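Trainee: Chain by chain, the residues run as shown.
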Amino acid sequence: DSGVTQTPKHLITATGQRVTLRCSPRSGDLSVYWYQQSLDQGLQFLIQYYNGEERAKGNILERFSAQQFPDLHSELNLSSLELGDSALYFCASSSRGEFTDTQYFGPGTRLTVL
Amino acid sequence: KNEVEQSPQNLTAQEGEFITINCSYSVGISALHWLQQHPGGGIVSLFMLSSGKKKHGRLIATINIQEKHSSLHITASHPRDSAVYICAVANMDSNYQLIWGAGTKLIIKP
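Chains as they are written, first to last, in the numbering used here: chain A, 84 to 197; chain B, 609 to 718.
Isolated chain A (complex conformation) (with noise of 0.2 Å):
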């Protein structure tokens, strides 16, 4: 158990919804990754955040934003849904958010788009 939590594990929704997944990081750490996974695909990153503020972009749709809340745990949106959209999404935290830490990774949430 990385202590990392996710949630929901799964989520089903339609084409042109909208959806948000949640992450608590690791206690004590301050930063938080946001990560994509399609099928049989590696990791994209896509957006990082250090107590609040966002810290560094990846390739992240316009359609997609995150947000990390006072209490560290943060929150990533994704809206008008596509079938492409279907992937595992990874949340990473870790203590300082410099990209030499060691970074803990939630179980994901497997979000399918039908």
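The hints are simulated quantities; they were obtained by calculation from the structure and are not laboratory data. Every value quoted in this text rests on a predicted model; they were computed, and no experiment measured them. Fair warning: there could be bad hints in the mix.
What the hints assert, rightly or not - Lysine-lysine pairs mimicking BS3-like chemistry, simulated, CA-CA at most 27 Å apart: (1) B:Lys663 with B:Lys713; (2) B:Lys661 with B:Lys676; (3) B:Lys713 with A:Lys92; (4) B:Lys676 with B:Lys662; (5) A:Lys140 with B:Lys662.
Once you have looked at the hints, place chain B on chain A.
Mentor: Using the frame of chain A, we list chain B on its own:
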């Protein structure tokens, strides 16, 4: 050409064999990570390297900064080592974002 290349893409071996997975990169880095993704999807960080060699149990990771190459070795492999092994580098030129390799799928047969 991808900035991070892993080889082989797929590897099947017998229990007990010595396993080597390679990672080559073309950018300047501050660190290299090895991670393991279990068949169920869970991801675990194995090592973070900036130089030399690290060992944890039956796993050994090495990095040669001059040659821009890292290897992950598994000694006395076991079926429970079956997983996807992923290399990721912290890129000096890209706000220290991690660049991910595509992964090596390892299957260890009993």
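Trainee: Does each hint fit the structure? Answer for all of them.
Mentor: Going down the list of hints, with the structure as the test:
Proposed proximity of lysine 663 of chain B and lysine 713 of chain B is supported: the alpha carbons are some 21 Å apart, at most 27 Å. As the CA atoms of lysine 661 of chain B and lysine 676 of chain B are separated by approximately 14 Å, the hinted pair is consistent with the 27 Å bound. Pair hint lysine 713 of chain B plus lysine 92 of chain A holds up; C-alpha atoms about 24 Å apart against a cutoff of 27 Å. Restraint check: the Cα-Cα separation between lysine 676 of chain B and lysine 662 of chain B comes to about 17 Å, which is no more than 27 Å; the hinted pair holds.
Restraint check: the Cα-Cα separation between lysine 140 of chain A and lysine 662 of chain B comes to about 30 Å, which exceeds 27 Å; the hinted pair is violated.
Against the hints set out earlier in the document, a violation occurs for number 5 only.
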